[in-house]
Amino acid sequence: MFSKSKINEPGHKADEGSAPKPAMPDTSRPSGASDFKASAPKAKPAASTLSSDLHITGNLKTTGDINVEGTVEGDIRAHLLTVGESATIKGEVVADDVVVNGRVVGRVRGLKVRLTATARVEGDIIHKTIAIESGAHFEGSVQRQDDPLNGGKAKPLPTPAPANTSAG
Numbered sequence: 000m001f002s003k004s005k006i007n008e009p010g011h012k013a014d015e016g017s018a019p020k021p022a023m024p025d026t027s028r029p030s031g032a033s034d035f036k037a038s039a040p041k042a043k044p045a046a047s048t049l050s051s052d053l054h055i056t057g058n059l060k061t062t063g064d065i066n067v068e069g070t071v072e073g074d075i076r077a078h079l080l081t082v083g084e085s086a087t088i089k090g091e092v093v094a095d096d097v098v099v100n101g102r103v104v105g106r107v108r109g110l111k112v113r114l115t116a117t118a119r120v121e122g123d124i125i126h127k128t129i130a131i132e133s134g135a136h137f138e139g140s141v142q143r144q145d146d147p148l149n150g151g152k153a154k155p156l157p158t159p160a161p162a163n164t165s166a167g
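Under numbering that gives the first Met the number 0, the first residue of the sequence shown carries the number 0, and numbering increases by one thereafter.
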């Protein structure tokens with residue numbers, strides 16, 4: 000398509016100015032295509048797994064998925080939370096999807112909440128949809144909300160501002 004002789008010749012400056020222009024899109028297309036391929040699929044990362052021998056004290060927050068097999072003393076916020084049969088969570092759980100196979104002591108908030116036959120939940124469940132399998136142990140209340148993820152903190156009560164009042 001392009002020859003080196005035209006680019007290197009001093010008499011063809013008009014060709015030299017036009018040659019890089021077509022060459023630039025040709026070289027940028029493959030890099031643009033590779034950039035597009037790298038960013039287009041955006042493969043979802045694998046779920047984080049907390050093994051059965053792990054004990055965490057503190058809160059966990061992610062936009063991804065978490066599989067808990069160990070013990071967590073703290074709140075968990077995730078996209079998908081799977082509580083394994085050997086797992087114990089002591090704290091609030093907030094996720095789009097919550098699947099409980101183990102033990103949760105605390106509030107559960109999720110768009111979809113599922114308690115399997117091996118689940119033990121001691122606390123309230125706030126959900127959009129819920130499924131409780133036969134054999135699951137549950138102590139607490141169940142409340143349906145259209146937006147359970149923000150339901151607990153959506154509308155704080157207005158408080159009067161003391162800075163606006165004067166004593167004199």
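Watch out, some of these pointers could steer you wrong.
[Said to hold, decoys possible] Simulated restraints, written as ranges between beta carbons of each label pair:
(1) E84 / E138: 10 to 20 Å
(2) L110 / G73: 37 to 47 Å
(3) D52 / D145: 20 to 30 Å
(4) S50 / R143: 31 to 41 Å
(5) S85 / D145: 26 to 36 Å
Everything labelled a hint here was simulated from the structure, so no lab data went into it. The beta carbon of each residue, even a glycine, is placed where N, CA and C say it ideally should be.
Quiz item: Is the hinted range of 10 to 20 Å satisfied by the C-beta distance from E84 to E138?
Solution: Given a distance of about 19 Å, which is inside 10 to 20 Å, the answer is holds.
Quiz item: Is 31 to 41 Å a correct range for the gap between the Cβ atoms of S50 and R143?
Solution: holds (34 Å)
Quiz item: When you take the CB atoms of L110 and G73, is the distance between them in 37 to 47 Å?
Solution: violated (22 Å)
Self-check item: C-beta pair D52, D145: status relative to the range 20 to 30 Å that was hinted
Solution: violated (39 Å)
Quiz item: Is the distance from the Cβ of S85 to the Cβ of D145 consistent with 26 to 36 Å?
Solution: This hint holds: roughly 34 Å between Cβ atoms.
Checked against the numbered hints above, the structure breaks hints 2, 3 and satisfies the rest.
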